[in-house]
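K.L.:
Given the sequences, and given the hints that come with them, work out the whole structure.
Take a look at the letters that make up each chain.
There are 4 protein chains.
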Amino acid sequence: MAVRTPDPNPGWLSDDELQQARERMPILYVEAIPVRLDGLGQVTEIGLLLRMNAQSEITRTVVSGRVMRGERVRDALYRHLEKDLGPMAFPQLPADPTPFHVAEYFPLPGDGIYADDRQHAVSLCYIVPVTGSCDPRQDALELTWLSPEAAASELVTSEMEGGRGALVRAALARLGALR
Amino acid sequence: MAVRTPDPNPGWLSDDELQQARERMPILYVEAIPVRLDGLGQVTEIGLLLRMNAQSEITRTVVSGRVMRGERVRDALYRHLEKDLGPMAFPQLPADPTPFHVAEYFPLPGDGIYADDRQHAVSLCYIVPVTGSCDPRQDALELTWLSPEAAASELVTSEMEGGRGALVRAALARLGALR
Amino acid sequence: MAVRTPDPNPGWLSDDELQQARERMPILYVEAIPVRLDGLGQVTEIGLLLRMNAQSEITRTVVSGRVMRGERVRDALYRHLEKDLGPMAFPQLPADPTPFHVAEYFPLPGDGIYADDRQHAVSLCYIVPVTGSCDPRQDALELTWLSPEAAASELVTSEMEGGRGALVRAALARLGALR
Amino acid sequence: MAVRTPDPNPGWLSDDELQQARERMPILYVEAIPVRLDGLGQVTEIGLLLRMNAQSEITRTVVSGRVMRGERVRDALYRHLEKDLGPMAFPQLPADPTPFHVAEYFPLPGDGIYADDRQHAVSLCYIVPVTGSCDPRQDALELTWLSPEAAASELVTSEMEGGRGALVRAALARLGALR
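Chains as they are written, first to last, in this note's numbering: chain A, 601 to 779; chain B, 601 to 779; chain C, 601 to 779; chain D, 601 to 779.
FYI, nobody ran anything at the bench for these hints, they're computed from the structure.
All C-beta atoms, glycine included, are put in the ideal place defined by N, C-alpha and C.
One thing to keep in mind: the hints can contain errors.
Now the in silico label distances, taken between C-beta atoms and shown as ranges [as the list claims (entries may be wrong)]: (1) Ser753(B) to Ala750(D): 17 to 25 Å; (2) Ser733(A) to Arg636(B): 19 to 27 Å; (3) Thr744(C) to Asp711(D): 46 to 54 Å; (4) Gly710(A) to Glu617(D): 47 to 55 Å; (5) Gly732(D) to Asp675(A): 38 to 46 Å; (6) Asp675(A) to Leu650(B): 32 to 40 Å; (7) Gly732(D) to Asp735(C): 26 to 34 Å; (8) Glu682(D) to Leu708(B): 22 to 30 Å; (9) Asp739(A) to Glu682(C): 25 to 33 Å; (10) Arg779(D) to Asp717(B): 38 to 46 Å; (11) Pro687(D) to Ser747(C): 29 to 37 Å; (12) Ser747(C) to Leu640(D): 26 to 34 Å; (13) Arg779(A) to Arg636(C): 19 to 27 Å.
P.N.:
This is the structure in structure tokens:
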């Protein structure tokens, strides 16, 4: 998982504490796939973040981050949307708090669809319509809006971090937009 | 089911044709439960329509109507929302076209939770956030906004047509707002 | 849609009556994707029916059929599973009556993902684990069990009738088995 | 949350380590509501565990337990079903790994529907059909099977630990069995 964006509440856990927690427990994440809808609710575009990974490769990802102790899932989702898309994105948070998909990230490749070399993370995934203008923070290079067809393509899904191409396809399937 | 509101395209089926269809097939409906959300997506209010039924009793119902031949579910949903809530309701149609609930209405009471003495109807049910102002058409007396607790109460659910109290409770459960 | 299997209750609607209904209303269908699960509930195989279409081409499809007047969705699902898979398939019908996907079939190609030249049909789609042995009726040539990867491949999805490759991919996404 | 049943792998975390983790992170749980289905998939009974809580009161709960580091959600679900229902329960694990409901437990009452004085826990909740015979471990007094009506009653839901009456009602709503 790639929440290398600086956290607005960095003091909640020190690096050591986070490392210890990662050695003991699965870490709870939320992830959001930003979408643009037309007036009838049909998806027109999928928003993917461009980012440079630790190997200086350009990769794609979605909005992602940890749920803090004492924080509701809904608040964590809002916090990470604001962190990754800026304050003017006006995301429409889901009325239904049940995720459309649960992504399980394991450190060793081959344990499943999703991988994260830092930790075992379990991520509650949401589709979030965005109505405003997005302004990713500086560590994300760009937010690109793609058509459903482009977002589902082999080229794009192969560029996504940690196997998240499957997550994008699952979102498109849920939206009735995956052929 | 209670779509006694005049249809904007009355010519699509004559009364005779509709009657014949009802004798032969289950009739496909869409239903929508209007909700108000706060900035984090949490439900604050449920919208229920007050209506006078054929026995001149005041009853409650939700947005409801048939899917026409050649019409997409999404378009039918939009059409009935506009018909029942007026043009300024600004409903946010669901990105996910899968209903949260399927209600099966049978003519004979006792065949299940939902009843409709006119027909066998199968209804795809959606939760629809509404951001504008609602102005029900004249045959609906009023749209009332209730708290989740009030909407789930015995008093309110017992006033709902055709067993739709169960539909309201199912919606609240889906929203994480049914205790 | 391809329910050309002879219906066990052919008298419910004459051909003329069915034709009339098709000219007036969307027709309600159920569809089921048979799957084999391992002991932990993970999908191991997807069952697809081979069939010869009106042009004598071999095509693939899923379990599919109409909901009759007065029939519950659950009963229609069971009836068509038995019709298409035989009496020893032992399907595990879903406890949750909400479909995982709604497929809208229109007569004209280009109106959406799914097409059916006979009618406008709206289909409630379910994933149904099957534990017994399947014995398709004579008009279906065979039931073939495919791995999730094979079922999602371009080759297989392009052979499916009416755009149902998208339905298979949506099912795999829901099962966490679409990469 | 009430997983006071002895864990089959107690060595995974010492009490101290668990306590430290609880002070730092939300703890990931799975919960399962055992159900009996008829041949058409309709729920006939809901299984609730009777247990004596720390105040020596008899309370009701559902199958519940932590997800361990490195463990898949599906494996955790299976492990806790076996722990709480015994080896002959033959649970049918869900093909769809998405929970039907997410329950958020906070230590302070009033922070939401669900409460757990030990920790902030986030629980992925599943409905699990059970076909065999259940034999709860000694620390659970009994597994009782209730009709959907009885399980949804005020009497029963008020006896459930941590607000889980709402969880049972949400399950019944999802099964189309909550009036």
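K.L.:
Find the hints from earlier in the document that the structure breaks and name them by number, from lowest to highest.
P.N.:
4, 8, 9 and 10
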